[in-house]
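Asks: Same order as they appear, the protein sequences are chains A, Z and H.
Start counting the first sequence at 1; every next residue gets the next number (the working numbering).
Start counting the second sequence at 1; every next residue gets the next number (the working numbering).
Start counting the third sequence at 1; every next residue gets the next number (the working numbering).
Incorrect hints may appear among the rest.
What the hints assert, rightly or not - Straight-line Cα separation of at most 20 Å, SDA-like style, residue types lysine to any residue; simulated pairs: (1) A/166 <-> Z/97; (2) A/92 <-> Z/45; (3) A/92 <-> Z/37; (4) H/161 <-> H/113; (5) A/26 <-> Z/100; (6) A/92 <-> A/24.
Claimed, not checked - Sample of chain H residues lacking proximity to chain A, with all beta carbon distances greater than 12 Å (derived): (7) 29; (8) 41; (9) 44; (10) 184; (11) 291; (12) 356; (13) 452; (14) 504; (15) 542; (16) 609; (17) 622; (18) 630.
Because the hints were derived from the structure by calculation, they are not lab data.
Glycine is no exception: its CB is placed at the ideal position from the N, C-alpha and C atoms.
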Amino acid sequence: MSATHILFWFLSALAVVSALMVLFSKNPVHSVLWLIAVFFAISGHYILMNAQFLAIVNIIVYAGAIMVLFLFVIMLMNLNKESEPRKNVWMKLAGAISAGSLLMILVSLVGQATEVSHKTLIMKDGNIGLIKSLGKILFTQYVVPFELTSILFLSAMVGAVVIGKKD
Amino acid sequence: MPIQYYIILSMVIFCIGIAGVLTRRNTIIIFMCIELMLNAVNLLLVAFSKMHYAASLNAPNHATVGSEGQLFVFFIMVVAAAEVSVGLAIIVMMFRNTHSVDANFLNRLKN
Amino acid sequence: MKTLLAIIVLLPFLGFLLNGLFRKHGTYKSVARLACTTILSSFIASAIVFGMLSQGTTAETVKYFDFINTDSIKIPFAFQIDHLSAMFLLIITGIGFLIHLYSSAYMKDEEPQHYARYFAYLNLFIFSMLLLVLGANYIIMFIGWEGVGLCSYLLIGFWFKNDNFNYAAKKAFIMNRIGDLGFLLAIFWLIARLGNANYADVFANVHNLSQTDITAITLLLFVGAMGKSAQIPLYTWLPDAMAGPTPVSALIHAATMVTAGIYMIARSNVLYSAAEFTQHIVAIVGLTTALFSATIAIKQNDIKKVLAYSTVSQLGYMFLGLGVGAYTGAVFHVMTHAFFKALLFLGAGSVIHAMHHEQDIRKMGGLKKYLPITHITFLLGCIAISGIPPFSGFFSKDEILAAAYEKNPVYWGLGVAGAAMTAFYMFRLYATTFLGKFRGTHDQEHHLHESPAAMTIPLIVLAVLSVIGGFIGVPEVLGGKHLLGEYLSTVIVPEPHHALAHNTEYMLMGISVAVATIAILFAVSHYSKKPQLEDATGLGKVLENKWYVDELYNTIIVNPLNALGGFFKNIVEKSGIDGFVNGIGRFVNYLSRQIRLVQSGQVGGYILMMVVSVVIILFIWIHDGEIYKFLVTKLF
């Protein structure tokens, strides 16, 4: 068991446990915090796979911006402790069971699939995750989608402002 | 590292996200679980990109094989950001009108 | 000949259409003129046809077109013009015309559109009756048969605003229908055995039918005749049919429609001569009816009801004649009966008209000085019906009685008893109505007047005919030639000659005339002085209430049927079928309400369903559709 493996398992466990805690927290602020933990774990996975650019972007955008936004909204609404009434137990059960069965099926799918049975991936090597190569491809081959994302952001901004207006 | 581990990990996180969407009633928590699902998918995409890279080590242009996967993750993050901003704006407006973030309140589609 | 027959038949139909469709635009004069002209023209054409046949033109079957044309059955729409149908043509159109003339004055009280409706129905009736007698096969006869039944219903219920009249019309139609079932079965039997129902073919192939066939067919035909010609047990509709206007009673229920049964059996004489058993049945039923209704007539107090029961009784005589093989005699009696019964009914109509629609004879009396023409003609009719020579009724009735004596003296004896009763009740009617003192109110007395010419002329014509009409059938025992017998011999196989000695015949005649005369004298003396005003008791009460036959029918047939209908309506229809149909609607409603709950509006619920569906799809996909194959093989 090399260090990579140990790290892999540790990060996976962290991610799963944090995700579960997102689900089970009563206080929404706690949920946000656990979600940030999940993001950190996933960024750890990225770094393990040498996808440096994505790891950093994940932290900055997701954990940094989006989660902070969530926190702002939660604070705005003053939801300190969950004040929602108990949800129907049957619905909860149904949700859990259906998600669980989905998981089972997907896992069995993976077990059966022949295309991925003996593939492995290289963890630490490879230049494709570096900013230099990604940037080169982004600005030569995929420049149009890149520009389009800027327009997307513009429309999102406009939308958010319009919706949020207090008329 | 066999790819199946990553696939299963990603599936687990994805299904936890689905369970969250189905189970919770607070709209904001639901939104966060959606982000969780997106992240699971991102993880899987990056794993697959590395797998392709590993599979093509003998090919001549192996330097850039598989980078599409990571670029796609980049764009997913972009879209997620935009969607979060708009979504939260909607939630805020809903809160302003009904003073609650209960998802069951929004049953105008009834019947 | 083809065009002549077409004219005879189509003119009344044209009259029906014109008067019926334009009934809101006619005046009294135009309507009456149209109706009477059509019938008069038909009468003239019938006279021409009759003349042609007498001069020697042979009888023929005139085909117009194929009515039913399939591989197995061919039924042509054809008329058969021979001596029998020519005679009936004359009777129908002649008396029809007289009655149309009479009605033009009698029905003047109605509004023009009802007046026109009346004449339209009357013309339609003549048309159907002509179809009946002219048909060359049983199918065309049946068309006419149904047509006259329909017109009878329409005309009995002519004053449709009165519920009782409507019941009477329904009763007539339904009883007719019961007879029609027998008729139809006979036709089916004939077609099944012989392939068609043409007279010529059937009569030529009688030897091809087995004895059971012939007996069954003749019995079924007789059932039809029972319904149409009011024999026991289907006779109760005729007295109730007096609810219609009096000219209708005269035409339909005295002279023509009720004689359709006689015509049918006379036409089928070949069949009946071969069926001994049926002949016995016919004779017995006829005789019983004659006696039974005569007893009822003795105690009736409505002038039209007496005449109605008298008609039933006389029809019984005609069937007795048919039953003992005296076909010519029966047809002869049809003719003479048409004359004097129509006369009597029209006379009664004249009396009713003068008394402003009063029909109870207990309130009449002494009318002879107010209504002279009506009185004389009525008296002549009464004498004719009682069978006093040399009036027409004597010859026809005597012929039937002689043939009855030949078959079975008991028949003759009972027949004479019936003749006595006939004389008795007719003269009771005459005496109570015309003799003695007037018993009505002062108001009615002031309004008594003789009827207008349009009503008295038919009376006079019919009276003349009743007097002299018998001379075409004088039996040779009295020295005359039986012209009618010779005339009809082409159609009716002549009966084996009487084995009666002349002396026996003189004696028979003498006895019947004497009995009738005694009855007349007794009735006149009794009733002209002290009419019975109080209600009858004992046997009289039973007779007055028509032996309670109607009540019997009600309990046995009508009420159970009504109860059955009520059962079906309430339980089967309302709870069963309606419940089932409505239940389906309610069930669908319920289902939709339940299913609607799926659309809860909760997005969470929708997502749940989405996830579940994805799970299922993936599951099936993994196992490569094994689930489907499994289900399919299990189910099928």
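Asks: All the hints need checking, so say for each whether the structure fits it.
Replies: Outcome of the hint check:
A threshold of 20 Å between alpha carbons decides the hint, and for residue 166 of chain A with residue 97 of chain Z the separation of about 11 Å falls inside it, so the pair holds. In summary, the hint linking residue 92 of chain A to residue 45 of chain Z is not supported, as the alpha carbons are separated by about 30 Å, beyond the 20 Å threshold. Note on residue 92 of chain A and residue 37 of chain Z: the hinted pairing holds, with a Cα-Cα distance of about 19 Å set against a maximum of 20 Å. Using a Cα cut-off of 20 Å, the hinted pair residue 161 of chain H and residue 113 of chain H holds, with the two alpha carbons roughly 15 Å apart.
At most 20 Å may separate the alpha-carbon atoms for a hinted pair to count; residue 26 of chain A and residue 100 of chain Z meet this at roughly 16 Å. For the suggested pair residue 92 of chain A and residue 24 of chain A, the alpha carbons sit about 12 Å apart, so the restraint of at most 20 Å is met. For residue 29 of chain H, the condition that its CB be more than 12 Å from all CB atoms of chain A holds, with the nearest at approximately 89 Å. No beta-carbon of chain A comes within 12 Å of the beta-carbon of residue 41 of chain H; the shortest separation is about 93 Å.
Every CB of chain A is more than 12 Å from the CB of residue 44 of chain H (nearest about 98 Å), matching its label as outside the interface. The claim that residue 184 of chain H is not at the interface with chain A holds, since no C-beta of that chain comes within 12 Å of its own (minimum 71 Å). Non-interface call for residue 291 of chain H relative to chain A: holds, since the shortest CB-CB distance, roughly 91 Å, exceeds 12 Å. Every beta carbon of chain A lies more than 12 Å from that of residue 356 of chain H, the smallest distance being close to 89 Å; the non-interface claim holds.
Its beta-carbon lying about 97 Å from the closest one in chain A, residue 452 of chain H satisfies the requirement of being farther than 12 Å from that chain. The claim that residue 504 of chain H is not at the interface with chain A holds, since no C-beta of that chain comes within 12 Å of its own (minimum 111 Å). Against the 12 Å criterion, residue 542 of chain H stays outside the reach of chain A, whose nearest CB is about 85 Å from its own CB. Not every CB of chain A is more than 12 Å from the CB of residue 609 of chain H (nearest about 9 Å), against its label as outside the interface.
Not every CB of chain A is more than 12 Å from the CB of residue 622 of chain H (nearest about 6 Å), against its label as outside the interface. The Cβ of residue 630 of chain H sits about 18 Å from the closest Cβ of chain A, beyond the 12 Å cut-off, so the non-interface label holds.
In terms of the numbered hints stated before, the structure departs from hints 2, 16 and 17, listed from lowest to highest.
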